[in-house]
Each structure stands twice: as structure tokens, then as C-alpha cells.
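Student: Chains as they are written, first to last, in my numbering: chain A, 196 to 458; chain B, 141 to 410.
Please note that the accuracy of each hint is not assured.
Dumping the calculated DSS-like pairs for lysine-lysine here, alpha-carbon to alpha-carbon at most 25 angstroms [as the list claims (entries may be wrong)]:
id, chain 1, residue 1, chain 2, residue 2
1, A, 384, A, 357
2, B, 254, A, 324
3, A, 384, A, 443
4, A, 247, A, 198
5, A, 437, A, 427
6, A, 324, A, 247
7, A, 427, B, 254
8, B, 254, A, 384
9, A, 250, A, 336
Hints in this document: simulated from the structure, not taken from any laboratory.
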Amino acid sequence: MSKRTFRVWRGAGEGALTEYEVEVNEGEVVLDVLHRLQATQTPDLAVRWNCKAGKCGSCSVEINGRPRLSCMTRMSVFEEDEVVTVTPMHTFPVIRDLVCDVSYNYQKAREIPSFTPDPATSPGDFRMKQVDVERSQEFRKCIECFLCNNVCHVIRDHEENKEHFSGPRYLMRVAELEMHPYDTEDRRKAADEDFGMGYCNITKCCTEVCPENIHITDNALIPLKERVADRKYDPLVWLGSKIGRRPKDTPIAPNTRRPTEGA
Amino acid sequence: MTSTDSTRPGGGRVRIPQRTLRTDQWWLGPVLTTLGLAAFLVYGAVRVFQQDHYWVQEHHYLTPFYSPCLAQQCAPDAALFGRLPFEFPFFLPYAFVSLPILLLFRVTCYYYRKAYYRSIWQAPTACAVREPHRAYTGETRPLMLPQNGHRYFFYAAFAISLINTWDMAVPFFHGTDGGFGLGVGNLVMLANVVLLWGYTLSCHSCRHVFGGRLRSFGRRPVRYWLWSRVSVLNNRHMWFGWLSIASLMITDAYIALVASGTITDLRIIN
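The shape of chain A in the complex, shown without the other chains:
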């Protein structure tokens, strides 16, 4: 057992970092220490958590400036005398202390046209090869911790981009559907114009912070960028669109986005 110094964000947007001296035991993670703070010094500390196993995605925070799951960050990764600073996710509004309002993510999720199989097919008709299953299963490992959307500088540093950028989490969802063998929709135009694919400059922070080690950039975002380029910048497609073979673009899901003011 040892005493460690924690600096924890208290309050909402106009809060402050507050310093605590707290006991830490061998084998503990940051979430354990936050719970000890709740139990011994500050019972009103708001922390969102659930499974304590890195599978629910609830306890996303920033620890010493790095977006992480607090339940998966071992205290042993810090030096003995290192001050541990815990702040809420930077990109989303703070409700209180370490708890954020992540409804932006749910809004963006609703805008994506869902899986649309051929209407002529019935449940039980699909036969997928394992290689096709594995391709999208990587993306299904996502635990919706929103660390990727939190770290993405497009919205982290530019609040104004939230309106037209869905973040890596939901561009990955679009990519997943675009790669589904039985999906019949074409979301490439929407990916470019409504979900903001062009804003991504593939700096890979989303991949770096993903606790599930999903290769978001290499396996979802870049392939989606290439698919958008197929549709928009391929001369043959352009020629086809001029002589009648227009791509059947799927718009974003209806009634999911408020009309912009003045529109």
C-alpha cells in the first residue's frame, strides 16, 4: 500500500482540478482508486462505470491527458511519485465531474441508414463465408466507449465540425455496412457529404486509443475513403453518371437531423 496524489476534475465545464492524497494497493486500476476516493473522501464524486472488465465502455476518461478506460489502466504504469490527473472526455459536454453527455454519438448513430438486405430474401437465406464474417466482426468488437470520437481532433479541437462529422466510430459503422455482402444500399455519397469522410485526415489517433485494438483507420476509414474516391473521383464512374448510369445514393436516415437554421 502507498499514498499517491490524484488530481480529479470536479464540477462541470466551469469546474477545477482538485487534488487528493489517496491509498493505492498493488494490482489496482485507476477506477479502483476513484472508487476509494468516493468511499473515503468525496462521496459525491460522479464516475460512470459498469463492468470493470473493459467490455462495457462506460468508464472512458482522460488519464494524464490520454484517453483511456479507467478500469483498464493499471496503477503500475505510473511512476511511484507520479501525479495522476483524471479528467472527463474533452470532446463532450460534462454533466458533472467525470461524467460526460455522450448523446452526440447516439445522434450520429441514428443518422446512418441501417442494414438493408434485398427485400426478396427472407431470414435464414443468408450464407456468408467466414472471411466475410470476420471482416465486419472486427468492427463489431466496438464497445462504444467513444474514446475514438473523443480523441479525434476534427471535433475535439473544433466544436463547429460536430454538425457535419460523425467521428471515426460512425464512419466505421458506415464502412462495416458498405462491406456487408448482403447489404444493398450505397452510402458512399452520404459518407462523403453527410458524415464528413473528407474531414478525416487519417492521423490514426482513433486507432491508437481503441481499447479493443480495432484497426479503425487501416481497415475502416481508409477503405471507406477509397470507396468514396471510387464513386466520386473515378473517371469511369463519372462518365457513367453523365450517360445515364447514375449511382443510386442512399441518403441519411430520415428524420434524424434537424434542419439547419434558415434552410
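Add chain B to chain A, keeping to what the hints say.
Tutor: For chain B alone, kept in the frame of chain A given last:
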């Protein structure tokens, strides 16, 4: 307990005055990247505009910075596709066709984009480090649209890699006494070509073209196999990127030293 940091009132997002709370050496990667890219660009510019020491007649070594050699001043045996009927001025590289393509292939490369967006453009400098720009439009503006043409530079770079492979193969048949020969120069050029192919074939656009664009792998097993092989290379794209620019400089420097008579090519066979 004591309150240590005060912040502006306002609500909403957390307001932290520091650029980042990261305590690790997040600045080191961008600094090394900038130095690496600057070293390559400076070296490349010096050599390309030097217009000398690019060809070893005895063993037919041609540096990749001058291939294919197109100027009237090129050594006749160095000009794979013949020579243009006029002398190139000092500002026009002898390989003026291939160099811009290769440069643009790297400029539009998904790995190098990450590298220079972070280290030079600082958008962002590192993850969870506030970027210095007031506004951000990513790759949506007309100036950035050529980034979407990476695949076309890949096609052209593929063709140039074939030329580099030819340049590497020819010296094997120009030993000291004629016929087959093997020297350190051959091995340096061979390693360079292997790394250039590694970089070219591990490209994300190559991965897309070979199979990534498919909706179903199950129905196209050959393309799936190709895609999976390219994917293995693609995992190492960053390493191929750096190793290939290092090998380009080493190959060029070696040939320049031999061509200028500073060193003698060490022969292993003939």
C-alpha cells in the same frame, strides 16, 4: 484536499488551459518525423540538381534518382528510353518524368499524410494535444482533393518500380570482365528494389484495388487471397516507407561515390 487549477466559467466541455495534460514525450515522434523527411528532401534535391555522378559505366549502375534518364546529357547506356534532343538546363532533373510521380505518390500516401499532418501541419501534433489552428476543414477543400488521386500515383509508381527493377537487373550482366558479375553495388540496388516494391505493394490503394473494394470476399477467392497478401505488407507500410527512403539515399550515395571515383565497387564475383 486543495483546489489547484481554476478555469473560465461557462459549462459545456471541460476547460483546461494547458494544451495537453500528457506527461509523456509526445513531441518526440513529430520532431523525428520532421527531421527524417527534411533529410530526405534536402538530400534528394541536392542530388537531383547536381546532374553528375549518377552512372557507373563499368557496371551499368544507375542511381534511382536519375531513372529513367531522359536528358541529352545522359550517358547513352543510361538512357533506357532514349534521350530527348536537347540539353537540360540546371533546374530540370534528368528524370523529370518519374521524380514528380514518385514524390506525389509519397505525398498522397496514407502513411505519409499522417506523418506530415502531424509533424508539419500539426493537425494534430499528437493525439489529445490541442492543435494550433482556429479552423479545420480536413481534406474537403479543392486544394486537398488530389489526395483522393493516390491510386493513380500508385499505378504510375508501379510502372516506375518495373523500371527500377530493370535498372537493378542490368548490372548483373556487366561484370568487370563482361558477363555475369556481382558486387556490393548489385546487392545495394537489389535491397533498394525489394524495399521499393515493399512500399509500393503495401500501399493502401493497392490493397483496395486488389480486393478491398469488394463487398464479398467469399465469392472472389483469388482476389481475397491477393488482398490478404497485400494486407500483410500493408501492416508494415510505415516501415517500408521509411526503409525505402533510407535505401534510396544509400543506393544513390553508393553509386555517386563509385561514379565519382571516391570509392571502388567491391566485387564478389567478376
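Student: Against each hint, give a clear statement of whether it holds in the structure.
Tutor: The hints, checked one at a time:
Pair hint residue 384 of chain A plus residue 357 of chain A holds up; C-alpha atoms about 18 angstroms apart against a cutoff of 25 angstroms. Between residue 254 of chain B and residue 324 of chain A, the direct Cα distance comes to roughly 34 angstroms. Violation of the 25 angstroms bound is thereby established for this hinted pair. Note on residue 384 of chain A and residue 443 of chain A: the hinted pairing holds, with a Cα-Cα distance of about 9 angstroms set against a maximum of 25 angstroms. At roughly 23 angstroms between alpha-carbon atoms, residue 247 of chain A and residue 198 of chain A fall within 25 angstroms of each other, so this suggested pair holds.
A C-alpha spacing of about 12 angstroms is found between residue 437 of chain A and residue 427 of chain A, which places the hinted pair at or below 25 angstroms, so the restraint holds. Distance hint between residue 324 of chain A and residue 247 of chain A is unfulfilled; the C-alpha atoms sit about 34 angstroms from each other, more than 25 angstroms. Using a Cα cut-off of 25 angstroms, the hinted pair residue 427 of chain A and residue 254 of chain B holds, with the two alpha carbons roughly 22 angstroms apart. With a C-alpha separation of about 24 angstroms, the suggested pairing of residue 254 of chain B with residue 384 of chain A holds against the 25 angstroms cut-off.
Of the pairs offered as hints, the one joining residue 250 of chain A and residue 336 of chain A holds, with about 9 angstroms between alpha carbons and a cut-off of 25 angstroms not exceeded.
Checked against the numbered hints listed earlier, the structure breaks hints 2, 6; every other hint is satisfied.
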